[in-house]
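My request is simple: use the sequences and hints to build the entire structure.
Protein chains: 2
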Amino acid sequence: MGTDIERYIEGIRTGDRAVLGRAITLVESDRADDRAPAQALLRAVLPLTGGAHRIGISGVPGVGKSTFIDRFGCRLVDAGHRVAVLAVDPSSSRTRGSILGDKTRMEELSQRDTAFIRPSPSAGAAGGVARKTRESILICEAAGYDVVLVETVGVGQSETLVADMVDVFLVLMLTGAGDELQGIKRGILELADIVAVNKADGANVKAARATRNELESALRLFRPPGHEPWHPRVVTCSAASGAGLEEIWHLIAEHHQTLQQSGDLQQRRNQQRLRWMWSLVDDAVMAAVRVHPAVAAGLEQLESDVLGGRTTATAAAETILEAMEIER
Amino acid sequence: MGTDIERYIEGIRTGDRAVLGRAITLVESDRADDRAPAQALLRAVLPLTGGAHRIGISGVPGVGKSTFIDRFGCRLVDAGHRVAVLAVDPSSSRTRGSILGDKTRMEELSQRDTAFIRPSPSAGAAGGVARKTRESILICEAAGYDVVLVETVGVGQSETLVADMVDVFLVLMLTGAGDELQGIKRGILELADIVAVNKADGANVKAARATRNELESALRLFRPPGHEPWHPRVVTCSAASGAGLEEIWHLIAEHHQTLQQSGDLQQRRNQQRLRWMWSLVDDAVMAAVRVHPAVAAGLEQLESDVLGGRTTATAAAETILEAMEIER
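Respectively, the protein sequence lines represent chains C and L. Taken in order, the first sequence gives residues 671 to 998; the numbers are from the working numbering. Taken in order, the second sequence gives residues 671 to 998; the numbers are from the working numbering.
Hints are computed from structural coordinates only; laboratory data are not their basis. Check the hints yourself; a few may be wrong.
[Said to hold, decoys possible] Which stretches of chain L does chain C cover? Using the computed rule of at least three CB atoms under 8 Å from a CB of chain C, they are:
{"hint": "1", "stretch": "703-713"}
{"hint": "2", "stretch": "800-811"}
{"hint": "3", "stretch": "966-978"}
{"hint": "4", "stretch": "981-990"}
[To be verified] Taking beta-carbon pairs under 8 Å as the criterion, some of the chain L residues facing chain C (in silico):
{"hint": "5", "residue": "L859"}
{"hint": "6", "residue": "A888"}
{"hint": "7", "residue": "A958"}
{"hint": "8", "residue": "E997"}
[To be verified] Stretches of chain L that chain C covers, calculated by requiring three or more beta carbons in the stretch to come under 8 Å of a beta carbon on chain C:
{"hint": "9", "stretch": "873-887"}
{"hint": "10", "stretch": "940-951"}
Note that the Cβ used here is the ideal one computed from N, Cα and C, for glycine as well.
Below, the structure is given as structure tokens:
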């Protein structure tokens, strides 16, 4: 194992894409045997991490995420950046796979030498998709990628998961009819640092700008300036024509600089790490509670009694805690 | 204790306000000796609970909450309702008390026989202010109060706590200068079922209506219709003149009816109870983790290492879980 890890480390340091792919496969593995080597690898490359812009990208199916990432990614590559594209799709499975991070949908970017595209890991045991992606970000950074895009499709809680592992969260939107925006998911605008109204081309330009203005007003109400180190920005763009992509990169750079200068960037990453640690502990501990011998047998009935209002929440909680001999 | 509980139950059934106050004091008590009697009382009156409109009311200091509750409460009392006013103020302490639920600020309502006003319990151990208030709601319902208002001042996470214990959440707001609304707290508009722009009187009426329109547009964007059983409504009102208070009650009644007919009201309450149970279990279990002998000694250093990026979150989580012999 020692020699294997050495080979992984060497390949990562030199930016060998094949080794990078295998390292991420190791980190994504659900096999119990792979966990110790994966953690040893992460430990070894940890000092090399942290050097990328971690950018989350979300939007409903049809908004043009793949085209956006393709064109945006190429611009960055052509400007000298090394760009990695990861994806979080909790519905991804080993057999079904995922359309996210699908190279065939990012035709040009997948042909660039200094781009690395990886489909979403499958949801397995042991922390699931979020854990695997967080660790893959670290591996990509260690391999010298200075931009890591994490794509998510907006299924379930995936935006919240991604927003908590990146520095900046970009939401792509479409123009809707009248006041309504298409497919906007509740809570997503709370997470956005930058909102880009896509497909602002041809006859749609005017509508896109109107949508932009509405979103800006709404964000000013919902997220008033002064409360956060960065107030969310709204722009229009056309991934197809390339319009607005430059501006988006400038905003990302401005966001990065603003937060870095105030110390907020490091603080944000630190707190993300700490929250993630406790999240992993909490998940494992609460899973253990549910299967605890003294708890498991009566749990279904207890939950049913709570839902049915036949017992108070407090009494039910005390039943569980007493069974585990824990003080409330 | 048997006879005492019987006396409490009897006093609650007959709507005896003095007994009601003592029962709530018992439920709010942090003393270990009081916990069994309190839970016995709750168990005994549980079948009598559930019969009130549970209404959360939030807004920044200065928005006019006390005047609003005073006038709104009086209208309900005069229309034949029995109105209880509770408060959640996590900053309340046994010595300092709280201005919330302060009878002197609800002059008229405090003089009505069929109104019951209770200041916020102090944050103590054992589940804190939220637990005490949830249980007090049950006691008030058992005593025949058919409207329970739970006031919160918007400190920390208190709105989220209150929103998760009521049927409907009302946010009072002020008109601001230009596009900006005064003191709007991030996330609060996600929780609101009804928003009332207060102080819509005299020269301020026009500005209040403009604010109403802006909020409505923003809510349509952020919380598009169709996603929830009830889409949030925005009105103007003047607690001082009484304008709009009738409309607010109609909206509350409409909300209640809509959710009751669809089964969502019961579902909402059931899920609140279940979430609350697991929240209590989680709090106690995670507190036990932190003081676990095998964990406590090294925890500070471990958290410091995670914050400082010297170890990965996964490795740190595994350290804790291994120490407690729990599988990840």
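Checked hints:
no.: 1; hint: 703-713; in the structure: holds (count 3)
no.: 2; hint: 800-811; in the structure: holds (count 4)
no.: 3; hint: 966-978; in the structure: holds (count 4)
no.: 4; hint: 981-990; in the structure: holds (count 9)
no.: 5; hint: L859; in the structure: holds (6 Å)
no.: 6; hint: A888; in the structure: holds (4 Å)
no.: 7; hint: A958; in the structure: holds (5 Å)
no.: 8; hint: E997; in the structure: holds (7 Å)
no.: 9; hint: 873-887; in the structure: holds (count 3)
no.: 10; hint: 940-951; in the structure: holds (count 9)
Of the numbered hints given earlier, the model fails none.
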